[in-house]
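Novice: Each chain, letter by letter, is given below.
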Amino acid sequence: MLEARLYLLQRASAMLLVPLVLAHLVMILYAIEGGLSAAEILGRTRGNFLWAAFYGLFVTAVALHAPIGLRNILREWTGWRGRSLDLATLGFGALLLGLGLRAVLAVTV
Amino acid sequence: MQDTADREEMLTVEIWRGREDGALQTYRVPRRESQTVLDVVTWVQRNEEPALAYRFACRVGMCGSCAMQVNGKPRWTCRTHVSRVAENGLLRIEPLANLPRIKDLATDMAPFFEKWQGARGRHEPTRTRHEPMAPVSSESPARKAANAGIECINCAVCYAACDVVGWDENYLGPAALNRAWTLANDERDADKAGLLQAVSQGGGCHSCHSHGSCVEHCPVGLNPTAGIAGLKRMTLAALMKGEL
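Residue numbers (this note's numbering), protein chains in the order written: chain A, 2 to 110; chain Z, 54 to 297.
One or more of the hints may lead you astray.
[Stated by the list, open to error] Some residues of chain A that are not near chain Z, with every Cβ distance over 12 Å (derived):
# : residue
1 : G35
2 : R47
3 : T61
4 : A67
[Claimed, not checked] Partner residues are not named here, just some residues of chain A that face chain Z (Cβ under 10 Å, in silico):
# : residue
5 : L3
6 : E4
7 : V63
8 : R103
[To be verified] The following label-pair restraints were derived from C-beta to C-beta distances:
#  : chain 1 : residue 1 : chain 2 : residue 2 : range
9  : Z       : T181      : A       : T79       : 48 to 58 Å
10 : Z       : E240      : A       : L91       : 38 to 48 Å
11 : A       : G80       : Z       : A163      : 36 to 46 Å
It is worth saying that the hints were derived from the structure and are not from the lab.
Ideal Cβ placement from N, Cα and C applies to all residues, glycine included.
In isolation and in its complexed conformation, chain A is listed as follows (with noise of 0.2 Å):
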């Protein structure tokens, strides 16, 4: 069923998002507070598989969980359904996917 694989997917996508973006936020006020360069970032990231497995998971929870509920909204306030639709939320979470995944191979390949 459709609708209950995806009530699961985000839920579960969701849980493993409450750590990771934490712990996200947690690293963005160390780079500045401790005035990292863009250099220095990039010299710890490269070739660093942690990082790499940390923003993978990161952007694949995302991509996941966003067009999930982007679906449910323009379902409740647009009046938008069906195959289109799905097709467009789809779609969206592709691009959220491929740019994220763009982002993380940048960083730390």
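Here the structure of chain A is known, so what remains is to put chain Z in place on it, guided by the hints.
Specialist: Frame of chain A, contents of chain Z only:
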């Protein structure tokens, strides 16, 4: 000597007349002790507006046919005292929200009952009448969960109060899903898999936002939100086991 009617306390009552393109009409209704909103509507129909269309039957909160919007909120009018809902002597009475209007205060209840069927809100027996009755312990957790939701009077107050029903015409609504929850916990029901599939379709239990408006407005104190949350858990468990 002053006329009795002049000394009488009066209510200002606005009542919806017509269908979707109708309008509110104002009436002056004498205030009475222990007066209910249904008493007010009946007074208007008998004294001012013989053609006023509205529904009621039992007048004691059992049949669930007299629900209307009173000052913007859905209520069972036969058990709603004017003293509790009038705002500065003003009552605004409209047909139930989220349902098509037929005439004045009467709505078309067909979509509401069709959704009961959509949620498979009917008992599928495991036995025939020729077999002995199934023994059901009143102490089992499942029976207790079913009992908690079983006193629904089908008044559609929860359906009118629900934001999601207003947003999504396919949403089955609190009453139908509450009924499905009672059946899901009924050990005499033969088609639990069919029931879980019915409530997992688009507009099923997973569309509920848990706003709790149904709980807030249910006149008999049921908690459909809790039942819907139970259906979400039950469908997810079935999905994990590959039974959905």
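Novice: Hint by hint, note whether the structure agrees.
Specialist: Okay, the hints, checked on the actual structure:
1. G35: 41 Å, holds
2. R47: 40 Å, holds
3. T61: About 20 Å separates T61/A from the closest Cβ of chain Z, which puts it past 12 Å; holds.
4. A67: 17 Å, holds
5. L3: 8 Å, holds
6. E4: With a minimum Cβ separation of about 5 Å from chain Z (threshold 10 Å), the hint on E4/A holds.
7. V63: 21 Å, violated
8. R103: 32 Å, violated
9. T181/Z <-> T79/A: 48 to 58 Å: Hint holds: Cβ distance 49 Å, inside 48 to 58 Å.
10. E240/Z <-> L91/A: 38 to 48 Å: The hint (38 to 48 Å, Cβ to Cβ) holds, given that E240/Z and L91/A are roughly 40 Å apart.
11. G80/A <-> A163/Z: 36 to 46 Å: At 21 Å between Cβs, range violated.
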